[in-house]
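Student: Using the sequences and the hints, build the whole thing.
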Amino acid sequence: MRPVLQALWGGILSGSVYGLMAIGLTLIWGTVRLLNLAHGALYVVGAYAAWTVLEILGLPLAAAIVAAVVVAAIFGYGIHLLVVRPLLGRAGWDSASIIATVGVAIALTAAALLIFGPRVKQIPPVVPGSVIFSGVRFSYQGMVIVAVAVVSLLSLFFYLANSRQGMAIRAVSQDMDASALMGVPVETTYARVMMISAGLAGLAGVLLSSLLFLSPNSGFAPMIIALMVTIFGGLGSVKGTIVAAYLIGILESTVQVYLGGSWSLPVLFLFMIAVLIIRPNGLFGVTEAHRL
Amino acid sequence: MTDSAGRSVLDRLDSAAGPWRTPRWGTIAFLGVIALVLPHLLLRFGAGTFIVHMLILFFLWSVVAQSWNLVLGVSGIYSFAQIAFFAVGGWVTALLSMNLGWNPWLSVLAAPLAATLAAILIGLPTLRLRGVYVVLLTLAFHELLGNLASTGPREITGGGYGLIGVPRFDFGPLSGLGHLANSYYVALISFVVATMAIWRLFHSPIGSAFSALRDSEGYAVGRGINQFRIKLFLFGFSAFFTGLAGGLMTHYLGSISSSVFAFSVLINVLAMIVIGGWGSFGGPIFGTALLLGLQEGLRDLADFRTLVLGLALAAVAVLAPTGAWPKLRDGFRNFLDQPGSGDPDLEEPTEDRSAETEEGPRLT
Amino acid sequence: MILEVEGLRAGYGPATVLHGVDLTVGEGEGVVVLGPNGHGKTTLLRAISGITPPTAGTLRFDGEDVTGWRPDLIAAAGMVHIPQGDALFREMKVEENLLMGAYDKAAWPKRTERLARVYDLLPQLAARRTQIANSLSGGERRMLAIGRGLMAEAKLLMIDEPSLGLAPLLIEQVYEQVTAIKKEGLAVLLADENAEHISELADRVLLLESGVFVREGPAETLLRDESLLTAYLG
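Chains as they are written, first to last, in my numbering: chain A, 20 to 311; chain B, 129 to 492; chain C, -12 to 221.
Hints listed in this document are in silico derivations from the structure and should not be mistaken for laboratory results. Keep in mind it's a predicted model, so treat the numbers as computed, not measured. Be a bit skeptical, because a hint or two may be false.
Coverage of chain A stretches by chain C, computed from C-beta distances (three or more under 8 Å per stretch; other residues unrestricted) [stated by the list, open to error]:
id, segment
1, 34 to 45
2, 278 to 284
A few chain B positions that, by computed beta-carbon distances, are all more than 10 Å from chain A [claimed, not checked]:
id, residue
3, Leu237
4, Gly304
5, Leu447
6, Gly459
Using N, Cα and C, we set each Cβ at its ideal position, and we do this for glycine too.
Tutor: Have a look at this one:
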């Protein structure tokens, strides 16, 4: 029972964080058709912003979390201005956007390295300590993370389903021209999506860094997995991504418990290949349409 | 230099060349002579040793850059697995020569084969999928092999230090020239062979198919160009020379370690292609020279250099997607006054496209 | 004059489809543009609403110069364009599609009443309000597109090929709806391939051929011209 419970809990925990990151990726893909390879860097930006607020400014953790989201969102807007806007409507969008976001990711990571140094940093947990149940340790911080993530994801879902701007985001992802004809300012919507998704990445950064550690390169691995989640769930599908996040989280966790950490990436990789062969559009993906 | 019709002679030569373009033999012979003689001149000076070393690096890395450009810049396959293929080549030859006692000359032949095999294995499931998925899977593959190289079984990781003490080439009767000079020649020959092979590919009917794939997959498929087979061929072809370069580098340096998987290496080679000239023939070669030069020139600035590199990548992608080489080449050509001469390189990605293509979101 | 178009040129990339056309629509007027496929009807409407930015010409809408405006701003000014093929938000429900029609800041606060009005007018939509747009039949999708157009504070309704892909009976119903809307006082600019159902709707008819208007005149005159009718009913 113990390993199963451990795998499950670990899976829910990482699944929650992957969900936060993957949702942002899928939103951006669904609307802007951008594969944002700078997402991992935004994770790091948020985490370092939080750390700065905590350690340098000495403010409480809540402020740090807010800072993480806001600062990351600002950088997300910056990416929109510097990369997305100039490239819109040009041929060669696919390659240019990938290279440009990679460049931004490199630059941000290098900047973090220069400013904060290579030594690993820690973000203290909101609630230290843990409880043992059935031989498995459940950290309070872990529970906080899951709670925050679930609330955020649900809020986002609600926002997309019911609010005027949320519906506009979904509309733009389904038919850009028709949305414009309804009076939706498409480019502003892109900016909004970039900021929301960046904010979520920043949130994931501060949350996960409180469990593990923080270094300038911390964002890369979560981004790779978030990419896997996005693709597995079906690019552009919010529901699919959330489900996929937990599935992949649990899969990774199970592999870690039973086979050891170094096996998780290879197993995930093979799993991805298998999934993509059977269902090339992911779990909930639809062939050409892009749905939110 | 103009004939009676008012066109320059060079102009007519270009437009006369058919799909199989003939290289300019004169220039090549000239460069070839210089290249052969160079080490002898340089090695007389102390600084010359360093320059020869840099030239070896240049030859080998530009092969990698050119190969990756074939895949990424020319045919629009968003693969990030190039370094992984390089590493596969290096590791295979290292293991064969170290552990099985193979003669390096023999084991280095296994390098390109192993790399190509890896490429085909990865390419089979991956290349059928949409571009976006290729990014992910090749990135994951890179990450995977990188993990294996640093935390895998001892035989491969060498305890985390990599494989050291890889046997060097035995140059037999030519040993008198010195290891450095001989390595130079080996690198030079590989560079020439690879570059010529890539040139032929570029300027062949298959080459046009590649850029057709990149510019408009729909059109290419409609014309009966079998995407998948071409992509797979290309993928394997690019891995072949990359693996060879990896093997040669390993024997030259005498070691290989997981540091080759570091992000900075990946970015450096990417920058060689992007900043040098994405999709063009000369671009990656120029880019390699540029990047290697910058690396040495800005050695002290290490992390700052990475920051600038990242910004440069983004800036080039946004502002000058074709990279530096085409601009330099066109500028040079204008200088020589060759009006409207045919582009001897493959067309770079065009920018004047109808809004009706599927190229991505439009600003409306 | 709700719409004044002068010298409009538009196309796709290097290909010009519209070669400088002039057009006006008066308040409450019904103007129909007839023409075979591929001659520029769709491009015309897209150029006016801004999705395909014109390369030359001027546009005045409700007295304001809207030349070069972004399509969402033109839409906010009261121009509703129902594109060819409906352009529905296929993964959204019927009600969500309709609500998007009222996205504009001016229309949004009134969306509940407008929704009720549209459901009144088009009861088949009310019956399917929670269905995904993709699952509707062709005729219902057309009605949804029109209903969505009615959710906005429209001063001009532009419809591109309302008869496209529909069975004759449905075409009649669609045209009945549009005519009823026009009779309530809304200016309508409609483009279609044939002239069968437009007699009640049209005050003026224009014939578009190869990107230019070749004939223009009061509906009664043009519609009585036999040779024309055969050419365009064929």
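Student: Now tell me if each hint is right for this structure.
Tutor: Results of checking the hints against the structure:
Counting residues of the segment 34 to 45 of chain A whose C-beta lies closer than 8 Å to any C-beta of chain C gives 0; at least three are required, and the coverage claim is violated. With a cut-off of 8 Å between beta carbons, the segment 278 to 284 of chain A has 0 residues touching chain C; three or more are needed, and the interface restraint is violated. With a least CB separation of 28 Å from chain A, Leu237 of chain B remains clear of the 10 Å interface cut-off, as annotated. For Gly304 of chain B, the requirement that its beta carbon stay farther than 10 Å from each beta carbon of chain A is met, with the minimum near 45 Å.
For Leu447 of chain B, the shortest C-beta to C-beta distance to chain A comes to about 8 Å, within the 10 Å cut-off, and the non-interface label is violated. Non-interface status of Gly459 of chain B relative to chain A is upheld: no Cβ of that chain comes within 10 Å, the nearest being about 21 Å off.
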